[in-house]
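If you're matching them up, the sequences are chains A and B in order. Just so you know, the first sequence maps onto residues 1 to 330 in full-length UniProt numbering. Just so you know, the second sequence maps onto residues 1 to 330 in full-length UniProt numbering.
Be aware that one or more of the hints could be misleading.
To be verified - With a straight-line cut-off of 30 Å between C-alpha atoms, the simulated BS3-like cross-links for lysine-lysine are:
#  : chain 1 : residue 1 : chain 2 : residue 2
1  : B       : K116      : A       : K214
2  : A       : K66       : A       : K162
3  : B       : K290      : A       : K111
4  : B       : K241      : A       : K66
5  : B       : K214      : A       : K57
6  : B       : K162      : A       : K175
7  : B       : K214      : A       : K65
8  : A       : K116      : B       : K57
9  : A       : K66       : B       : K175
10 : A       : K116      : B       : K175
11 : A       : K175      : B       : K175
12 : B       : K111      : A       : K175
13 : A       : K111      : B       : K214
14 : B       : K330      : A       : K116
15 : A       : K57       : B       : K111
No lab work stands behind these hints, which were simulated from the structure alone. If you're wondering where the values come from, they're calculated on a predicted model, not measured in any experiment.
2 protein chains.
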Amino acid sequence: MELNLSESWSRSIRCIVKLGGAAITRKNELETIHDENLEIVACQLRQAMIEGSAPSKVIGMDWSKKPGSSQISCHVDELGDHESTEFSRFVVVHGAGSFGHFQASRSGVHKGGLEKPIVKAGFVATRISVTSLNLEIVRALAREGIPTIGMSPFPCGWSTSKRDVASADLSTVAKSIHSGFVPVLHGDAVLDNILGCTILSGDVIIRHLAEHLKPEYVVFLTDVLGVYDRPPSEPDAVLLKEIAVEEDGGWKVVNPVLEHTDKKVETSVAAHDTTGGMETKISEAAMIAKLGIDVYIVKAATTHSQRALNGELRDVVPEDWLGTVIRFSK
Amino acid sequence: MELNLSESWSRSIRCIVKLGGAAITRKNELETIHDENLEIVACQLRQAMIEGSAPSKVIGMDWSKKPGSSQISCHVDELGDHESTEFSRFVVVHGAGSFGHFQASRSGVHKGGLEKPIVKAGFVATRISVTSLNLEIVRALAREGIPTIGMSPFPCGWSTSKRDVASADLSTVAKSIHSGFVPVLHGDAVLDNILGCTILSGDVIIRHLAEHLKPEYVVFLTDVLGVYDRPPSEPDAVLLKEIAVEEDGGWKVVNPVLEHTDKKVETSVAAHDTTGGMETKISEAAMIAKLGIDVYIVKAATTHSQRALNGELRDVVPEDWLGTVIRFSK
Numbered sequence: 001m002e003l004n005l006s007e008s009w010s011r012s013i014r015c016i017v018k019l020g021g022a023a024i025t026r027k028n029e030l031e032t033i034h035d036e037n038l039e040i041v042a043c044q045l046r047q048a049m050i051e052g053s054a055p056s057k058v059i060g061m062d063w064s065k066k067p068g069s070s071q072i073s074c075h076v077d078e079l080g081d082h083e084s085t086e087f088s089r090f091v092v093v094h095g096a097g098s099f100g101h102f103q104a105s106r107s108g109v110h111k112g113g114l115e116k117p118i119v120k121a122g123f124v125a126t127r128i129s130v131t132s133l134n135l136e137i138v139r140a141l142a143r144e145g146i147p148t149i150g151m152s153p154f155p156c157g158w159s160t161s162k163r164d165v166a167s168a169d170l171s172t173v174a175k176s177i178h179s180g181f182v183p184v185l186h187g188d189a190v191l192d193n194i195l196g197c198t199i200l201s202g203d204v205i206i207r208h209l210a211e212h213l214k215p216e217y218v219v220f221l222t223d224v225l226g227v228y229d230r231p232p233s234e235p236d237a238v239l240l241k242e243i244a245v246e247e248d249g250g251w252k253v254v255n256p257v258l259e260h261t262d263k264k265v266e267t268s269v270a271a272h273d274t275t276g277g278m279e280t281k282i283s284e285a286a287m288i289a290k291l292g293i294d295v296y297i298v299k300a301a302t303t304h305s306q307r308a309l310n311g312e313l314r315d316v317v318p319e320d321w322l323g324t325v326i327r328f329s330k
Numbered sequence: 001m002e003l004n005l006s007e008s009w010s011r012s013i014r015c016i017v018k019l020g021g022a023a024i025t026r027k028n029e030l031e032t033i034h035d036e037n038l039e040i041v042a043c044q045l046r047q048a049m050i051e052g053s054a055p056s057k058v059i060g061m062d063w064s065k066k067p068g069s070s071q072i073s074c075h076v077d078e079l080g081d082h083e084s085t086e087f088s089r090f091v092v093v094h095g096a097g098s099f100g101h102f103q104a105s106r107s108g109v110h111k112g113g114l115e116k117p118i119v120k121a122g123f124v125a126t127r128i129s130v131t132s133l134n135l136e137i138v139r140a141l142a143r144e145g146i147p148t149i150g151m152s153p154f155p156c157g158w159s160t161s162k163r164d165v166a167s168a169d170l171s172t173v174a175k176s177i178h179s180g181f182v183p184v185l186h187g188d189a190v191l192d193n194i195l196g197c198t199i200l201s202g203d204v205i206i207r208h209l210a211e212h213l214k215p216e217y218v219v220f221l222t223d224v225l226g227v228y229d230r231p232p233s234e235p236d237a238v239l240l241k242e243i244a245v246e247e248d249g250g251w252k253v254v255n256p257v258l259e260h261t262d263k264k265v266e267t268s269v270a271a272h273d274t275t276g277g278m279e280t281k282i283s284e285a286a287m288i289a290k291l292g293i294d295v296y297i298v299k300a301a302t303t304h305s306q307r308a309l310n311g312e313l314r315d316v317v318p319e320d321w322l323g324t325v326i327r328f329s330k
């Protein structure tokens, strides 16, 4: 199939997906991936990305040796006259979950002070942990035939000023997308021009990418159904199905209609989460929505996440869909 | 210790080290690291980098979970009032050895043609293999207390034009070095503006870095003593101790004095080596030497490599040192 280059350049990014740390790792087990979830997430992503209805055979792209084997399995001979699958343009960003947080919080990397030996060691240790997670996610998506490219923010030129993005070279992200690859970024330890160093969270990366790449929609995959009015473990917690973001950046719940409308939404922030929890997520999501980009917060590896990734919610949100939509209220 | 920033900026890079794929992996076992060599290499690097004579306690910087353990071992409490170790500025580049080559040669990534499904899959598979090696090398050096930052050329903005460097963003390399880190780059699959894609070899990266960072010397760590006049497995192979590079880029052996001076140096190129073998290495090394930067090709994990890394050969090459010095003949 001939690809029209000029048309291809102007084609927009369809979706930026955040794979929440809580959804793809086992939060209470140090540096442990939630393999089952990750496999389903990869499969759903592939489904959402395929253009046209023709189901296409998966071309596995992780030809690494399996543990305990001395052989590499790849069926390249079958690929000879395989037709190219047309994927729509996605960018993936993942959180750290049970990777990186231990190293970051023990050393205080998020607070800066790179001249201290413990912070410098923690910076290196944090990056080793989150880049090893990144490699595993790149591999899991590649096994599903998604042509992933791992991109670590720090070495790829991202830096911060008091934890907000100060610089980010997006040209390689754009070039990769243009060449048909799916960039996979992650929360990372970076240099900060005020603090010395800090943690750049995946949510802040998403906002920056959304501002510059203007995707059609953004999906946050998490480990609960969406945003609740109080910690979701509490019995009376109510799922907030739609949040409207206003011109001034403020936001209010429009569905369901809450009895106490001026009640602040309570959320839980895990103690080891050095980059803030649901509160940060909502305010980052609100800033994205203000750009006119719909944001869906949804439980990973469910029918609800598949529908969100497919873009089925863009016009009307079906009654039976469970999750939180955050939209700009014009 | 107070660091003078302006002085620090102007401090030069001391050494660029190439960890040859043959030295740090087991060439005949797919995707297998040569752990013993890598550990000694890391230890020798640390020794070479320490400034001043005071032996300093190693602060391990890989706090990842060990396989089979659920715990992370890090002795951060001991780090509280630990003094900062002053390291001189090194950059590390490694080859692929038994990583990446299988994926690259099976798919033909080095020949380009990214529009073919097999090449695109091979591009992703090659990068997964070489980045997993990069992570292991970053971890091994970090365990020895070297504050390493893995930098994958493709996502960090390197691209080629017919396999030679077309673009490379060195600002993050420079910033990392300035902040006291040791960048660790590697041979990688990249986009090529003529071929579509190709393999950017570690040796080409070294030359580009040498041209722009102007290190005092460059060390190639390999699995044989140095460059020989024929494949080193042959009984009469003679180690070339000194090669002089001339103004026009040509080079000749000056020590030992060979009987047939016009004899072309024969070298072996392994069949699976998609980036060329010793011939490429010598011509890349010659181009570095032409800049007035000494190049030492030496067997990894030996007393000879330690002396080369230490910079002991800069004035006089001792008679008992085994390896190959490549120098500009003024």
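Going through the hints against the structure:
A C-alpha spacing of about 29 Å is found between K116 of chain B and K214 of chain A, which places the hinted pair at or below 30 Å, so the restraint holds. A distance of roughly 42 Å separates the Cα atoms of K66 of chain A and K162 of chain A; the hinted pair therefore is violated under the 30 Å criterion. Distance restraint check for K290 of chain B and K111 of chain A: the Cα-Cα separation of roughly 46 Å exceeds the 30 Å cut-off, and the hinted pair is therefore not satisfied. For a cut-off of 30 Å, the pair hint linking K241 of chain B to K66 of chain A is broken: about 42 Å separates their Cα positions.
Restraint check for K214 of chain B and K57 of chain A: not satisfied, since their Cα atoms lie roughly 50 Å apart, outside the 30 Å limit. Proposed proximity of K162 of chain B and K175 of chain A is supported: the alpha carbons are some 18 Å apart, at most 30 Å. Restraint check for K214 of chain B and K65 of chain A: the C-alpha separation of about 38 Å exceeds 30 Å, so the hint is violated. With a CA separation close to 15 Å, the supplied pair K116 of chain A and K57 of chain B stays within the 30 Å bound.
Our distance criterion of 30 Å between C-alpha atoms is broken by K66 of chain A and K175 of chain B, whose separation comes to about 37 Å. A distance of roughly 18 Å separates the Cα atoms of K116 of chain A and K175 of chain B; the hinted pair therefore holds under the 30 Å criterion. Restraint check for K175 of chain A and K175 of chain B: the C-alpha separation of about 23 Å stays at or below 30 Å, so the hint holds. Pair hint K111 of chain B plus K175 of chain A holds up; C-alpha atoms about 20 Å apart against a cutoff of 30 Å.
Of the supplied pair hints, the one linking K111 of chain A and K214 of chain B is violated, its CA atoms being roughly 34 Å apart against a limit of 30 Å. The straight-line distance between the Cα atoms of K330 of chain B and K116 of chain A is roughly 45 Å, outside the 30 Å bound, and the hint therefore fails. A C-alpha spacing of about 25 Å is found between K57 of chain A and K111 of chain B, which places the hinted pair at or below 30 Å, so the restraint holds.
The structure fails to meet hints 2, 3, 4, 5, 7, 9, 13, 14 from the earlier list, while all remaining hints are met.
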